[in-house]
Each structure stands twice: as structure tokens, then as C-alpha cells.
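Peer 1: Knowing the structure of chain A, use the given hints to seat chain B on it.
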Amino acid sequence: DAGVIQSPRHEVTEMGQEVTLRCKPISGHDYLFWYRQTMMRGLELLIYFNNNVPIDDSGMPEDRFSAKMPNASFSTLKIQPSEPRDSAVYFCASSGGGVRTDTQYFGPGTRLTVL
Amino acid sequence: QKEVEQDPGPLSVPEGAIVSLNCTYSNSAFQYFMWYRQYSRKGPELLMYTYSSGNKEDGRFTAQVDKSSKYISLFIRDSQPSDSATYLCAMSGNAGNMLTFGGGTRLMVKP
Chain A
1 DAGVIQSPRH EVTEMGQEVT LRCKPISGHD YLFWYRQTMM RGLELLIYFN
51 NNVPIDDSGM PEDRFSAKMP NASFSTLKIQ PSEPRDSAVY FCASSGGGVR
101 TDTQYFGPGT RLTVL
Chain B
1 QKEVEQDPGP LSVPEGAIVS LNCTYSNSAF QYFMWYRQYS RKGPELLMYT
51 YSSGNKEDGR FTAQVDKSSK YISLFIRDSQ PSDSATYLCA MSGNAGNMLT
101 FGGGTRLMVK P
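Taken in order, these protein sequences are the chains called A and B. When you line the first sequence up against my numbering, it's residues 1 to 115, in that order. When you line the second sequence up against my numbering, it's residues 1 to 111, in that order.
Derived from the structure by calculation, the hints contain no laboratory data. All the given hints hold, so there is nothing to weed out.
Below, computed lysine to aspartate or glutamate pairings styled on EDC-like, alpha-carbon distance capped at 20 angstroms:
#, chain 1, residue 1, chain 2, residue 2
1, B, Lys2, B, Asp66
2, B, Lys42, A, Glu11
3, A, Lys68, A, Asp56
4, A, Lys78, A, Glu44
5, B, Lys56, B, Glu45
6, A, Lys78, A, Asp63
7, B, Lys42, A, Glu44
8, B, Lys2, A, Glu44
9, B, Lys70, B, Asp7
10, A, Lys24, B, Glu45
11, A, Lys68, A, Asp30
12, B, Lys110, B, Asp78
Remember, it's a predicted structure, so these values are computed and weren't measured experimentally.
This is chain A alone, in the form it adopts within the complex (with noise of 0.2 angstroms):
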């Protein structure tokens, strides 16, 4: 099983810029959960799906951010502009597939720093 995969596992881009960060979950698991680790917040839930669909979205900071999950393999994370403050870690988990969903599996992470 090859886990929840993250890209980029590291990501700078200068102010203003567009940057996209990409998850595969679990096959088979049915929510997909988008995260953000900073030493000020620690973990903050921004947004999960359920079969594709955006359930909660009251973590997302602001319009600047936006996520898709176009299908049940793939899913995408978008800050357009990026910022300083958005620098932190970024997660991808996903739970499931008969199990209680908040046995949550995450993947690796992808390091955002904007310059």
C-alpha cells in the first residue's frame, strides 16, 4: 500500500504567485482531509470531502484559497495569491473505506515557503 502521496514534498514561489498543491488518498477511502501545521497553529483543518464532494470548508482562510477533488484519486489544494503567512506545512490525510473516518492516514506533507 503505497499511503496518502503528497507533491510537491517542497514548495517556494515569491509572493504573489499561484501555487498548487496536489494529494492522492488511499484507494478505496471515501473522505479526503486538507490540513495546515504551523508552530503558531499547530494543525488546523481547512476543507474535507466525502465521495468528491466539499463538506466542510470553514477552515479555509480565506478566498484566496481553494480545493477540488475531481475525481476519487485526486485532489488539489490552490492559493492564488500566495503570501508570506500562508508558509507552513501542508497536509493530506484520508480515512475510510469501512474504517471509522476519523482514523485518519496521513501523507508525508508538502513544505510551502513564500518569499
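Peer 2: Just chain B now, kept in the frame of chain A:
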């Protein structure tokens, strides 16, 4: 005040020590309690999962939940340098979909 509070540490102990990690919470709707372990530059991984109050043991790890006090603990016996990581508590309610995480406690076990 955060829904889940966790001492950030760092907590430094010698190898072989018993480690106690704790979280307090305010939301009485939480029913399911988890501990995740996160190594440096890695994603969190589920370590222990418990429902409601009581104890659960898995090898060197014991999770305790006291819902009356809104307090959960993770004990690590015979701690090893490989246990050095950040430990995050997490909780969910009946819906089970969304987790609320503590800020994490960084643990260092010195040989």
C-alpha cells in the same frame, strides 16, 4: 481558549523512563480519543485509539481517558530514543468525521 490544550514541551527524559503525556479538553461532545505520533518532517501517524472513558494498552503504550475530568493521557513505558517525536492528541464527536487536534508535545528520549 482552545478546545484541546496540550503542553508543547519539550519533554526530555532518559532512556528507560516512563513518560506521561496529557491533554485537556472542553467539549463534552467528544467521544473518541486518539494519539498521533509525528516524527520530524513526517506526517502524523495514528498510535492509539480509544472510545469513551477507560484504558487501552498496546505494547509499551497505554492510553487513558477520564471523561468526567475531560483529561486524556498517554503513557510510554521503557521509553526508547526512537520514541523521540511530537505526540498529538486528537478527538472527535459522534459524527466522527472531523478531528480536533491538540498542539502537540515534543518528546526527546536521550540514550
